[in-house]
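> Sequence:
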Amino acid sequence: MDIRVLLGLPDLLMVRTLVCVQPHPDDNEVGAAGTLLELVGRGCEVVYVTVTDGGAGAFGEVTDREVLVALRSQEILDAGAVVGVKRQVNLGFPDGGDYTEEQVREKLVQVFREVRPEIVMTVDPWMPYEAHPDHVKTGLAVARAAMFCDNAVLYPVGERPLWSVPQVAFYASSHPNTFVDVSVHWQDKGRAMLAHQSQFDNEQWPVLWGYLSMSARALFDQHLAGPEASGHAEAFKVLATRQLHFYPSAIYE
1 MDIRVLLGLP DLLMVRTLVC VQPHPDDNEV GAAGTLLELV GRGCEVVYVT
51 VTDGGAGAFG EVTDREVLVA LRSQEILDAG AVVGVKRQVN LGFPDGGDYT
101 EEQVREKLVQ VFREVRPEIV MTVDPWMPYE AHPDHVKTGL AVARAAMFCD
151 NAVLYPVGER PLWSVPQVAF YASSHPNTFV DVSVHWQDKG RAMLAHQSQF
201 DNEQWPVLWG YLSMSARALF DQHLAGPEAS GHAEAFKVLA TRQLHFYPSA
251 IYE
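The letter at position 183 of the sequence shown is residue 183 when you use our numbering, and the numbering goes up by one with no holes.
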């Protein structure tokens, strides 16, 4: 039996509060914008947390770090507006810097205790061949912050009371178990991504968008399609927080 069912946890699209943590300013849109649009439309409060300042994500002629950070700070807001996100938290760690996962985790524990989300979402740090340190550190920090958010020994109670995060959803996962029909939101996902002009408004966009669209259609065909149906889907690995420790079968569930 799925432990999430045993625990009475709601399906992904039924949650009312969600914190979506991204390593860089555009990752939430690439990985989950369609699902986030659907959740916002259902009345879910979605809070964005961005771990790094995006200052190493140069493309084309923009190579000055300070200029790029300022540019991407505005792009986060523009993309969030397309999705319908009303609150954003920027942790400000240097893109590609030598900050530690523990430093990110400490800050996330406080955010989770304040927002009290029913689920947190982020990149999957265990994706095979994931080599970007910001992605690995962010994904691990989110998973571990969810585990220890209610631990007053490791993270003493201050202004914010303890909170037990029930579930974690990973996008960009090689072992997804949840598929969301985002067909009606697919073009808005593209608009949200293109709000990050410093990253996507270039000659590589048609290839990237074509790849994402093809992958989303394949997910829909494999997991959601009925007779003669077609559409786009996003995929997630959704786990109860309890499955993040001493739970060998989690990869299969």
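In short, the hints are calculated from the structure, not lab data. As the structure is a prediction and not an experimental result, all values here were calculated from the model. A couple of the hints might just be wrong.
[Claimed, not checked] So the derived label-pair ranges between C-beta atoms look like this:
(1) S249 x Q187: 20 to 28 angstroms
(2) W209 x G41: 21 to 29 angstroms
(3) Q197 x P161: 38 to 46 angstroms
Ideal Cβ placement from N, Cα and C applies to all residues, glycine included.
> Give a verdict on every hint.
Now the hints, each set against the structure:
1. S249 x Q187: 20 to 28 angstroms: At roughly 38 angstroms between Cβ atoms, Q187 and S249 fall outside 20 to 28 angstroms, so the hint is violated.
2. W209 x G41: 21 to 29 angstroms: Because 22 angstroms falls inside the window, the suggested range holds.
3. Q197 x P161: 38 to 46 angstroms: Holds - the Cβ-Cβ distance for Q197 and P161, about 41 angstroms, lies within 38 to 46 angstroms.
Figure legend: structure checked against the earlier numbered hints; the only hint not met is number 1.
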